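J.: As a plain string of letters, each chain reads:
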Amino acid sequence: MPLSPSSPEPLVRLKDVHLSFGRNNVLKGVDLTVKRGEAVSIIGPSGSGKSTILRCINGLLAPDRGQILVGDTAVHALRSESARIALRKRIGFVFQQYNLFPHLSVLENIVIAPVRILGVDRATAEREAGELLARVRLADKAGAYPGELSGGQQQRVAIARALAMHPELVLFDEVTSALDPETVGEVLAVIRDLVHDGLTCILVTHEMRFAEEVSHEVVFTEGGEIVEHGAPAALFHAPRNARTHAFINAVSH
Amino acid sequence: MAIEQTLAAKPQPETQAQPVAVAFAPNALLLAGLLLLWGLAGTCLGDTLSVLWQWTPLLAQGLKMNILISLLAIGGGTVLGVLIGALELSGSVWVAAPARAFVALFRNAPLLVLIFFTTYVFPFEIHIGSVYLPFPDWIKATVGLALPAAAQVAEIVRGAIGSIPSAQWEASASLAFSRAQTLRWIILPQCFRRVLPPWMNLYAMITMSTTLASLVGVTDLLESAKNASNTVNRTDFTILVYLAVLTLFFFYCYPIALLTRRLEHKFAIH
Numbered sequence: 001m002p003l004s005p006s007s008p009e010p011l012v013r014l015k016d017v018h019l020s021f022g023r024n025n026v027l028k029g030v031d032l033t034v035k036r037g038e039a040v041s042i043i044g045p046s047g048s049g050k051s052t053i054l055r056c057i058n059g060l061l062a063p064d065r066g067q068i069l070v071g072d073t074a075v076h077a078l079r080s081e082s083a084r085i086a087l088r089k090r091i092g093f094v095f096q097q098y099n100l101f102p103h104l105s106v107l108e109n110i111v112i113a114p115v116r117i118l119g120v121d122r123a124t125a126e127r128e129a130g131e132l133l134a135r136v137r138l139a140d141k142a143g144a145y146p147g148e149l150s151g152g153q154q155q156r157v158a159i160a161r162a163l164a165m166h167p168e169l170v171l172f173d174e175v176t177s178a179l180d181p182e183t184v185g186e187v188l189a190v191i192r193d194l195v196h197d198g199l200t201c202i203l204v205t206h207e208m209r210f211a212e213e214v215s216h217e218v219v220f221t222e223g224g225e226i227v228e229h230g231a232p233a234a235l236f237h238a239p240r241n242a243r244t245h246a247f248i249n250a251v252s253h
Numbered sequence: 001m002a003i004e005q006t007l008a009a010k011p012q013p014e015t016q017a018q019p020v021a022v023a024f025a026p027n028a029l030l031l032a033g034l035l036l037l038w039g040l041a042g043t044c045l046g047d048t049l050s051v052l053w054q055w056t057p058l059l060a061q062g063l064k065m066n067i068l069i070s071l072l073a074i075g076g077g078t079v080l081g082v083l084i085g086a087l088e089l090s091g092s093v094w095v096a097a098p099a100r101a102f103v104a105l106f107r108n109a110p111l112l113v114l115i116f117f118t119t120y121v122f123p124f125e126i127h128i129g130s131v132y133l134p135f136p137d138w139i140k141a142t143v144g145l146a147l148p149a150a151a152q153v154a155e156i157v158r159g160a161i162g163s164i165p166s167a168q169w170e171a172s173a174s175l176a177f178s179r180a181q182t183l184r185w186i187i188l189p190q191c192f193r194r195v196l197p198p199w200m201n202l203y204a205m206i207t208m209s210t211t212l213a214s215l216v217g218v219t220d221l222l223e224s225a226k227n228a229s230n231t232v233n234r235t236d237f238t239i240l241v242y243l244a245v246l247t248l249f250f251f252y253c254y255p256i257a258l259l260t261r262r263l264e265h266k267f268a269i270h
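Going line by line, the protein sequences match chains L and F. Just so you know, we're using our numbering here: the first sequence kicks off at 1 and counts up by one. Just so you know, we're using our numbering here: the second sequence kicks off at 1 and counts up by one.
The shape of chain F in the complex, shown without the other chains:
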């Protein structure tokens, strides 16, 4: 029972992105800081910090990888997801059914399994004519994150399109708009503000999920921290370096959560 509770209390990426959990995050950080001080009481904090400082360039390199993967995954996922979300609403079942199947498949797949899948199923290089394009692991991990992101974006977009009153379609049709023109000029622009908050939420979740890439050998922030921890091999440094990882993610994702909340509030008033 106690173990279950511990598991349940573990911070999940999903819950972190939600406003309530976000409100508790500073408290959790404070608690962790106190624990750290307690853990370091016997040792010299200044010394540990200076070791951490030496590792900073490597950690920054790792963080850059997380941000790169997250941006490419949300970018690719958004382009693909908007397309699939629009296809889901097609009148033709031959178009809509594959789009729905894509969404159903990738919304119900564990992220880590997808990352393992893309890493070990895709080749390490792609052969086009006489050109060999390298296909490194970090790009495979990006694809593994972009596919479920596309499915999520498709759902967000489909929901937003469905929430626009049908009278807007009727008015556009009466002005001689085609369905595609109506979508492009009338419906999607109105969806933009509705999809922005959930889309940003999704981005924060993807960013936190990029640490999964460390499990397939991508040298991201978590992997760099693990390397540093193994090399230095001191408990106080291990605590400090993982706290640093958490802090970096916190200061990258928390502003996104704040902005999302503000936008939601603003759009709710409108």
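The shape of chain L in the complex, shown without the other chains:
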């Protein structure tokens, strides 16, 4: 299907999504659209429901109310484990704490899901893993174990692990928040490349400058609601909402 850069089709649509944990209303009617091939950054204070939105999109959490569509899949209506698995094959997820498998080498971390879940033959999976490691600039670390790597290196392996499934969408959950400042740049460089290559990405991030630079659209959440969304230049430099304005002022000074 030809992709028209001017008006790409939406890949992810959230409509009026509500979710509460007990009496704690985490999401209070979230609407969000992510177009295919675009990067959307979600910014906002801690506890505003950013990570929860990502976990609803890949079915780790089920909303109480509302609709979540990924392509033609109605995520909110998925009931069986096998249906969620089919969805998750299409969606990569990169965690704040990397969550690599500590008992497996870097190479095994990357090939285990393609081999065990997709049934890709090992030789093909290993060749692809080698290419992915080169892409995240860790070609020499295939035999290392996660515990031997720096945070930034582990996070790049986690990105390669997600990409090995050939996802059409990758969710990044504060992937630089646990990193030393000097290693943040190497992870952001990898994500920047992915966005330029046309991968659809949703980034929950505190890296405002990076969000402004790579995103097609930025979303500001607070208190479980989307307060404002728009083009990065507009949202960061001319926010319409007072709460957005206050947040951006607070984090940029």
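I should point out that these hints are in silico values taken from the structure, not numbers from a laboratory. Note that the structure is predicted; figures quoted are calculated from it, not measured. Take these hints with a grain of salt, some might be off.
Facing chain L, a subset of chain F residues (Cβ under 7 Å, in silico) [what the hints assert, rightly or not]: (1) A167; (2) A171; (3) S174; (4) L175; (5) A176; (6) S178; (7) W185; (8) I186; (9) P189; (10) Q190.
Note that beta-carbon positions come from the ideal geometry of N, C-alpha and C, so glycine has one too.
Please arrange chain F on chain L, whose structure you already have, making use of the hints.
T.: Chain F in isolation, oriented as in the chain L frame:
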């Protein structure tokens, strides 16, 4: 009071397997050796040893039975225990509740009672179609030891699975693993090193508990020693033969305890 103290000081299989008790074991053995020399002072040690040497093939036969029972009990107990430990964590209460009941039942049953139970409740042979399979006492005793071993293994496995961070489950789910696949490829391999030391501890305990089988007529090392002692009917030989039994168990179980301690140390550093 004095009797209570004597009872308390009696070596228990459980305490023997623990590192502190293990450290004292060589001293205890030395003390026993001195007692033996004192007991034999009036008699000719060489003569007693040569009698013991004559009984060696029979004692070795008995020890083989203890080792066979212990290996089958830990093997069966491990397979069953891993399964039950995994079932205990099932989301379905219909699966988890029977598994928990099994563990609760067999962790709180005295070993000797279980061995008596399996010995006197199970038939002496099993009738399948036209085939009669013999069901000898030593296998019944093995079952009696394997069931509580399975319960212990289930607890060890459940604890290890619970100690793996939930983020590993989340990461696996995000890579489209099912729960069973996550358990098989991600969680259990990480549990292996955590369960190894307690599992080896359990094996040493089971090995020492195999002597209980002598009480239901299994000719194990203890039973063989008892037979030898009754036949020879000499106090110095009785002392020597039971010391030999203790020594054999010591040299079989102590290396396991040492290795367990070393592994615990190694994994603690990692």
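J.: Each hint should be assessed against the structure and marked as holding or not.
T.: Against the structure, the hints:
The restraint placing A167 of chain F at the interface with chain L holds, with a minimum CB-CB distance near 5 Å, inside the 7 Å limit. Interface hint status for A171 of chain F: upheld, as the beta-carbon distance to the closest one in chain L is roughly 4 Å, under 7 Å. A hinted interface residue such as S174 of chain F counts as satisfied when its beta carbon comes closer than 7 Å to some beta carbon of chain L; here the least separation is about 4 Å, so the hint holds. The closest approach between the C-beta of L175 of chain F and any C-beta of chain L is roughly 4 Å, which is under the 7 Å cut-off, so the hint is satisfied.
Taking 7 Å as the C-beta cut-off, the interface hint given for A176 of chain F holds, the closest approach to chain L being about 4 Å. Taking 7 Å as the C-beta cut-off, the interface hint given for S178 of chain F holds, the closest approach to chain L being about 6 Å. Residue-level restraint check for W185 of chain F holds (minimum Cβ-Cβ distance to chain L is 6 Å; threshold 7 Å). With a cut of 7 Å, the hint placing I186 of chain F at the interface with chain L holds, because the nearest CB-to-CB distance is about 6 Å.
The criterion of a C-beta within 7 Å of any C-beta in chain L is met by P189 of chain F, whose closest approach is roughly 5 Å, and the hint holds. With a cut of 7 Å, the hint placing Q190 of chain F at the interface with chain L holds, because the nearest CB-to-CB distance is about 5 Å.
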